[in-house]
Amino acid sequence: DTGVSQDPRHKITKRGQNVTFRCDPISEHNRLYWYRQTLGQGPEFLTYFQNEAQLEKSRLLSDRFSAERPKGSFSTLEIQRTEQGDSAMYLCASSPSGTHTGELFFGEGSRLTVL
Amino acid sequence: AQKVTQAQTEISVVEKEDVTLDCVYETRDTTYYLFWYKQPPSGELVFLIRRNSFDEQNEISGRYSWNFQKSTSSFNFTITASQVVDSAVYFCALRSNTDKLIFGTGTRLQVFP
Numbered sequence: 240d241t242g243v244s245q246d247p248r249h250k251i252t253k254r255g256q257n258v259t260f261r262c263d264p265i266s267e268h269n270r271l272y273w274y275r276q277t278l279g280q281g282p283e284f285l286t287y288f289q290n291e292a293q294l295e296k297s298r299l300l301s302d303r304f305s306a307e308r309p310k311g312s313f314s315t316l317e318i319q320r321t322e323q324g325d326s327a328m329y330l331c332a333s334s335p336s337g338t339h340t341g342e343l344f345f346g347e348g349s350r351l352t353v354l
Numbered sequence: 190a191q192k193v194t195q196a197q198t199e200i201s202v203v204e205k206e207d208v209t210l211d212c213v214y215e216t217r218d219t220t221y222y223l224f225w226y227k228q229p230p231s232g233e234l235v236f237l238i239r240r241n242s243f244d245e246q247n248e249i250s251g252r253y254s255w256n257f258q259k260s261t262s263s264f265n266f267t268i269t270a271s272q273v274v275d276s277a278v279y280f281c282a283l284r285s286n287t288d289k290l291i292f293g294t295g296t297r298l299q300v301f302p
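Top to bottom, those sequences are chains W and C. For the first sequence, our numbering assigns the number 240 to the initial residue and increments by one for each residue that follows. For the second sequence, our numbering assigns the number 190 to the initial residue and increments by one for each residue that follows.
Bound-form chain W, shown alone (with noise of 0.2 Å):
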């Protein structure tokens, strides 16, 4: 059973241009959630699927940003417009659904560099 993938690992974009990064989940967990983590802060909650439904976005989620799970498996966190301050390492996590007691399992992360 492999774990969370995630891709690319790193990206490096100019202001203005739009990123896409893709999440592959442990298989069978249906819910996937999207973190952000900038230098020397722990990780920030962005969004949440329950398969292909997102149930729950935070403000920290700009209208740049759009995270679609289309059919319940992978999941990509588009950001258009990239600014300097969305320059951070954008975290996966996937956990089987049915509890709000386990622990997220989380990916190495896909760090973004807006120059």
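It cannot be assumed that every hint is accurate.
Within a straight-line C-alpha distance of at most 25 Å, the following computed DMTMM-like cross-link-like pairs (lysine to aspartate or glutamate) qualify [what the hints assert, rightly or not]: (1) K192(C) - E342(W); (2) K227(C) - D246(W); (3) K253(W) - D325(W); (4) K227(C) - E342(W); (5) K192(C) - E295(W); (6) K227(C) - E283(W); (7) K259(C) - E342(W); (8) K296(W) - E233(C); (9) K227(C) - D211(C); (10) K259(C) - E245(C); (11) K296(W) - D246(W); (12) K296(W) - D288(C); (13) K310(W) - E291(W); (14) K296(W) - E283(W); (15) K250(W) - D263(W); (16) K296(W) - D218(C); (17) K227(C) - E347(W); (18) K250(W) - E233(C); (19) K310(W) - D288(C); (20) K296(W) - E215(C); (21) K192(C) - D325(W); (22) K227(C) - E245(C); (23) K310(W) - E295(W); (24) K192(C) - E283(W); (25) K310(W) - D246(W); (26) K227(C) - D263(W).
Facing chain C, according to a computed beta carbon distance under 8 Å, are these residues of chain W, among others [unchecked claim]: (27) Q280; (28) G281; (29) F284; (30) Y287; (31) L343; (32) F345; (33) G348.
None of these hints come from the bench; they were simulated from the model. A quick note: this is a predicted structure, and the numbers were derived from the prediction, not measured. Even for Gly, the Cβ is constructed at its ideal location relative to N, Cα and C.
Position chain C against the provided structure of chain W, taking the given hints into account.
Just chain C, lined up with the frame of chain W:
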């Protein structure tokens, strides 16, 4: 409001010393879950432990131990006889009536040989 506070930004110890990482949480919920994660330089958050609010029994796993005290809203983590491989950032997290984890700001532990 729910909040996790890790007041120690960075701790440095010499190998074989014991070290305790502090975690204080805030929640109005009576049912909640507390977690510790380790983030090594590779970046992947590694789950260490989960504790629910009804179980205040302390836990020991090898060199790791956790002290959960509801009276002080604390969930502290102790590493006994630290090793260089323990060097990482450690995060405490809270999960209650929502489906997301709320993390503290982390404590960077450096263990020197």
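Hint-by-hint comparison with the structure:
no.	hint	result
1	K192(C) - E342(W)	holds, 18 Å
2	K227(C) - D246(W)	holds, 22 Å
3	K253(W) - D325(W)	holds, 11 Å
4	K227(C) - E342(W)	holds, 13 Å
5	K192(C) - E295(W)	holds, 18 Å
6	K227(C) - E283(W)	holds, 16 Å
7	K259(C) - E342(W)	holds, 20 Å
8	K296(W) - E233(C)	holds, 23 Å
9	K227(C) - D211(C)	holds, 14 Å
10	K259(C) - E245(C)	holds, 7 Å
11	K296(W) - D246(W)	holds, 22 Å
12	K296(W) - D288(C)	holds, 12 Å
13	K310(W) - E291(W)	holds, 6 Å
14	K296(W) - E283(W)	holds, 12 Å
15	K250(W) - D263(W)	holds, 17 Å
16	K296(W) - D218(C)	holds, 21 Å
17	K227(C) - E347(W)	holds, 12 Å
18	K250(W) - E233(C)	holds, 17 Å
19	K310(W) - D288(C)	holds, 21 Å
20	K296(W) - E215(C)	holds, 22 Å
21	K192(C) - D325(W)	holds, 24 Å
22	K227(C) - E245(C)	holds, 22 Å
23	K310(W) - E295(W)	holds, 18 Å
24	K192(C) - E283(W)	holds, 12 Å
25	K310(W) - D246(W)	holds, 18 Å
26	K227(C) - D263(W)	holds, 21 Å
27	Q280	holds, 6 Å
28	G281	holds, 3 Å
29	F284	holds, 5 Å
30	Y287	holds, 6 Å
31	L343	holds, 6 Å
32	F345	holds, 4 Å
33	G348	holds, 5 Å
The structure meets every hint from the earlier list without exception.
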